[in-house]
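Trainee: The lines below spell out each chain.
Number of protein chains: 2
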Amino acid sequence: MSENQTKKTKSILQAPRGTRDFYPEQMARLQWLFQLWRQTSLRHGFEEYDGPSFEHLDLYTIKSGDEIVSQLFSFEDRGGRDLALRPELTPTLARMIAVKANALPRPIKWFSIPRSCRAERPQKGRLREFFQWNIDIVGSDEVLADAECIFVALDFLRQVGLGPVLIELRVNSRFIVSTLLIDAGIDAERHGQMFAIMDKYEKLSEAEFDKYACEQGVCDTELTAVKNILRVPDLSSLESLSRSEQSRAELAKMRELKQYLDDFGVGEYFVYKPAVVRGLAYYTGIVFEIFDRSAKMRAIAGGGRYDNLISMFGGPSMPAVGFGMGDVVLMDLLDELGKAPMIPSHQPPEFFVIDADPSLFGMVLKIVGCLRGKGFAADYAPKRQAMGKQFKYATGRLAKFAIIVGDETRTQNLISVKNLQSGEQRQLNVEEFLKSPEQLSL
Amino acid sequence: MSENQTKKTKSILQAPRGTRDFYPEQMARLQWLFQLWRQTSLRHGFEEYDGPSFEHLDLYTIKSGDEIVSQLFSFEDRGGRDLALRPELTPTLARMIAVKANALPRPIKWFSIPRSCRAERPQKGRLREFFQWNIDIVGSDEVLADAECIFVALDFLRQVGLGPVLIELRVNSRFIVSTLLIDAGIDAERHGQMFAIMDKYEKLSEAEFDKYACEQGVCDTELTAVKNILRVPDLSSLESLSRSEQSRAELAKMRELKQYLDDFGVGEYFVYKPAVVRGLAYYTGIVFEIFDRSAKMRAIAGGGRYDNLISMFGGPSMPAVGFGMGDVVLMDLLDELGKAPMIPSHQPPEFFVIDADPSLFGMVLKIVGCLRGKGFAADYAPKRQAMGKQFKYATGRLAKFAIIVGDETRTQNLISVKNLQSGEQRQLNVEEFLKSPEQLSL
Numbered sequence: 001m002s003e004n005q006t007k008k009t010k011s012i013l014q015a016p017r018g019t020r021d022f023y024p025e026q027m028a029r030l031q032w033l034f035q036l037w038r039q040t041s042l043r044h045g046f047e048e049y050d051g052p053s054f055e056h057l058d059l060y061t062i063k064s065g066d067e068i069v070s071q072l073f074s075f076e077d078r079g080g081r082d083l084a085l086r087p088e089l090t091p092t093l094a095r096m097i098a099v100k101a102n103a104l105p106r107p108i109k110w111f112s113i114p115r116s117c118r119a120e121r122p123q124k125g126r127l128r129e130f131f132q133w134n135i136d137i138v139g140s141d142e143v144l145a146d147a148e149c150i151f152v153a154l155d156f157l158r159q160v161g162l163g164p165v166l167i168e169l170r171v172n173s174r175f176i177v178s179t180l181l182i183d184a185g186i187d188a189e190r191h192g193q194m195f196a197i198m199d200k201y202e203k204l205s206e207a208e209f210d211k212y213a214c215e216q217g218v219c220d221t222e223l224t225a226v227k228n229i230l231r232v233p234d235l236s237s238l239e240s241l242s243r244s245e246q247s248r249a250e251l252a253k254m255r256e257l258k259q260y261l262d263d264f265g266v267g268e269y270f271v272y273k274p275a276v277v278r279g280l281a282y283y284t285g286i287v288f289e290i291f292d293r294s295a296k297m298r299a300i301a302g303g304g305r306y307d308n309l310i311s312m313f314g315g316p317s318m319p320a321v322g323f324g325m326g327d328v329v330l331m332d333l334l335d336e337l338g339k340a341p342m343i344p345s346h347q348p349p350e351f352f353v354i355d356a357d358p359s360l361f362g363m364v365l366k367i368v369g370c371l372r373g374k375g376f377a378a379d380y381a382p383k384r385q386a387m388g389k390q391f392k393y394a395t396g397r398l399a400k401f402a403i404i405v406g407d408e409t410r411t412q413n414l415i416s417v418k419n420l421q422s423g424e425q426r427q428l429n430v431e432e433f434l435k436s437p438e439q440l441s442l
Numbered sequence: 001m002s003e004n005q006t007k008k009t010k011s012i013l014q015a016p017r018g019t020r021d022f023y024p025e026q027m028a029r030l031q032w033l034f035q036l037w038r039q040t041s042l043r044h045g046f047e048e049y050d051g052p053s054f055e056h057l058d059l060y061t062i063k064s065g066d067e068i069v070s071q072l073f074s075f076e077d078r079g080g081r082d083l084a085l086r087p088e089l090t091p092t093l094a095r096m097i098a099v100k101a102n103a104l105p106r107p108i109k110w111f112s113i114p115r116s117c118r119a120e121r122p123q124k125g126r127l128r129e130f131f132q133w134n135i136d137i138v139g140s141d142e143v144l145a146d147a148e149c150i151f152v153a154l155d156f157l158r159q160v161g162l163g164p165v166l167i168e169l170r171v172n173s174r175f176i177v178s179t180l181l182i183d184a185g186i187d188a189e190r191h192g193q194m195f196a197i198m199d200k201y202e203k204l205s206e207a208e209f210d211k212y213a214c215e216q217g218v219c220d221t222e223l224t225a226v227k228n229i230l231r232v233p234d235l236s237s238l239e240s241l242s243r244s245e246q247s248r249a250e251l252a253k254m255r256e257l258k259q260y261l262d263d264f265g266v267g268e269y270f271v272y273k274p275a276v277v278r279g280l281a282y283y284t285g286i287v288f289e290i291f292d293r294s295a296k297m298r299a300i301a302g303g304g305r306y307d308n309l310i311s312m313f314g315g316p317s318m319p320a321v322g323f324g325m326g327d328v329v330l331m332d333l334l335d336e337l338g339k340a341p342m343i344p345s346h347q348p349p350e351f352f353v354i355d356a357d358p359s360l361f362g363m364v365l366k367i368v369g370c371l372r373g374k375g376f377a378a379d380y381a382p383k384r385q386a387m388g389k390q391f392k393y394a395t396g397r398l399a400k401f402a403i404i405v406g407d408e409t410r411t412q413n414l415i416s417v418k419n420l421q422s423g424e425q426r427q428l429n430v431e432e433f434l435k436s437p438e439q440l441s442l
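Sequence lines, in order, name chains Y and X.
Each residue of the first sequence is one higher than the one before, starting from 1 at the first, in the numbering used here.
Each residue of the second sequence is one higher than the one before, starting from 1 at the first, in the numbering used here.
Hints in this document: simulated from the structure, not taken from any laboratory.
Among the clues, some could well be false.
No copy labels: a pair is met if it fits in one copy or bridges any two.
[Unchecked claim] Subject to a maximum C-alpha distance of 30 angstroms in a straight line, what follows is the list of computed DSSO-like cross-link-like pairs (lysine-lysine):
(1) K339 - K374
(2) K124 - K100
(3) K435 - K253
(4) K258 - K435
(5) K296 - K339
(6) K211 - K273
(7) K366 - K258
(8) K253 - K366
(9) K253 - K383
(10) K366 - K392
(11) K389 - K253
(12) K124 - K273
(13) K435 - K339
(14) K258 - K374
This is chain Y alone, in the form it adopts within the complex (with noise of 0.2 angstroms):
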């Protein structure tokens, strides 16, 4: 080999910078944490759905934020269409729900676990490529709707030990913070860019956020106003601050969300949070995001409502509102508070044959093979050895019952099988065994 292909041969070695190899130990903790996901969307009514894993580059620059299309992973295809990997799940959704709208039955509740992939630097909770538990009501302007997809996030985790004193849902809205800055005499054409700022509040010192706020053209009284607006502390100083009956009418509808979650049982994670306005362009009222409370106050998700996309598709004008997930800061969170399950990569089987002999071994394939075809997680060990070797293996692989294949099977049909936990021991016709295995278990 070439020293060149030397280098190369050490270059493919290694996964993607920002991305991640599953292997089974990995993959088991992706697998728990997937089916959780699925368990709790659908127990609270939400439908499965899914996109391609690339769309048209067109659908994220015409309406995402100018942060999601600089970290596009954008490619050609051989017609020369533009297109980029998914960022993120909800411009499809957009597109998907726009050309179907009116054949849909509502309340469209939609869950969905895309894998999804940002071009930006990779750190610690932030890789290129993760998954993203997604959460959307659409066709409802009701907060009730806000309130399903909040609490189906913490129902989750709720489940997994996150309880009100390590995690708190920080709620806000667009439509208030907007009002407020008009009151503070800045432009509603400005108010993206102001939303963007604002989000870097939280993230940033106070010293770099005013030289960050300053470098964008916000200084001096407006940036006074801005961080006035970021400083209110309670719903009670924002009601004396909203003039306008619209202004109170959002308010009304925080306050309707806490109710609702009161009622779910999970109003004690609820905390106003003025900072909270959300990094994409298209939400419109209620935001909100789920923290970690310890020092390092990690987002684990984050979401709003986003009542002008549909129709921004050339859908018809639907409400709607939603969440992501991601998996990368959940787990590292769980990790360090002890919380990931250690789960086996490997399904233990309930059946492990064993053979007394090796010329016995056909007889454990076909008892094997029989019992995988009935359903039942049946093994038998890798190499032909010594009965001790294979009971051993059978332990390892923390299977149930042992199955012994000896010369009574040949002469008599006789089987015997051994609950290994117990040890309890008992001849069987093997025939009358694999008519109904199941019964074993009982």
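Assemble the complex: chain Y is given as a structure, and chain X must be docked to it using the hints.
Mentor: Okay, now just chain X, sitting in the frame of chain Y:
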């Protein structure tokens, strides 16, 4: 909106060419398939793994066949690294195992359900984006490993109703084809090209094949020799052609494979087929395809031995065998045969909570919140409406029990529970009920 923008909006409303949108109805089918693939793999003792959805371009250009490389979606990251969407998972598997070969417990029995992309012209059964079930055993040169891989595929297919009348397992050995080619005076260095040509034999008419082979420089006596190999009718005829000891040893392996498949109870699917050589460059020994027996004769799955791939990636010498089965041809076939299942895209609720009066709605939410929190599928009508309509909605969602909240709930803590199948109804204390809702299902 300008005309240009309108056009853009129109184009982005479609999924990219050769990709699919999975609305809940289609997603439920896909999840049904994934769950069966996963359950079957696990009960056969395989562990799940996965890699990144894109890899360094070199991973594919160095070792895979030219056909695959010409079909890559490739792109650069910001650091100028050449990357490509994975067209298949085997190079990733080889990379992952090469790196950790000594740390991995043997036998390595792994499965995965990757989403992969190929930039080929979309056609019936071949899309640009698809899912593929991958099964591999690494570290064993025993024919039993080949048999295990094939058995898990056939066990799955049998489960979905594809018996040996409908499909067949076509088996051959590249090793034997190689010895026959050498006997015909064709040097080993040209065998890769020969395999690629022979792989087309069943896909083209006789005349088309002759023309294609000739264009590739295989004419006259060579073409006759190749076609003689492609027409060997059975293993006995093959035996009379196999002169070397190695060749006979390989033939014995094919017979051993048939014996193991008989033991496992799936021998009926076995057919020797000299035209099966597989398109990919890395196969070394036994190769196989599972074919639809109908007139359309589509390949449902394909695989074989690739004993040199791990060491090519700098790992130790580790023999390996595996296969891939895509979702597209399989689901097409099941649809044509009427064997694809009808699955509701939502989880039918165990409990559906109904209010006798909108003023009781808060109590509905409390009960639903409590039930979902305990892991039950619970739901309620999306609108506050008459009880009759709520019952109708409950039935439409295939709910099992209706929980009716009325005045007596407020005054006496009593709810009515109605079994929606039997019509049986009784009153319960709401707190007693919520303590153990599962008792109702008994």
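Trainee: Evaluate each hint against the coordinates.
Mentor: Outcome of the hint check:
1. K339 - K374: between (36 angstroms within a copy, 19 angstroms between copies)
2. K124 - K100: Close across copies (24 angstroms), not inside one copy (39 angstroms); limit 30 angstroms.
3. K435 - K253: Neither: 61 angstroms inside a copy, 32 angstroms across copies.
4. K258 - K435: Only across copies: K258 and K435 sit 25 angstroms apart there, 57 angstroms inside one copy, limit 30 angstroms.
5. K296 - K339: within (17 angstroms within a copy, 52 angstroms between copies)
6. K211 - K273: within (22 angstroms within a copy, 73 angstroms between copies)
7. K366 - K258: Between. Shortest inter-copy distance 13 angstroms satisfies the 30 angstroms Cα cut-off; intra-copy 61 angstroms does not.
8. K253 - K366: So K253 and K366 pass the 30 angstroms test across copies only (19 angstroms; inside, 65 angstroms).
9. K253 - K383: Between copies, since 18 angstroms is at most 30 angstroms while 67 angstroms is not.
10. K366 - K392: within (22 angstroms within a copy, 51 angstroms between copies)
11. K389 - K253: between (67 angstroms within a copy, 27 angstroms between copies)
12. K124 - K273: within (25 angstroms within a copy, 53 angstroms between copies)
13. K435 - K339: This pair counts as between: shortest inter-copy Cα distance 26 angstroms, intra-copy 42 angstroms.
14. K258 - K374: between (51 angstroms within a copy, 21 angstroms between copies)
Checked against the numbered hints given earlier, this structure breaks only hint 3.
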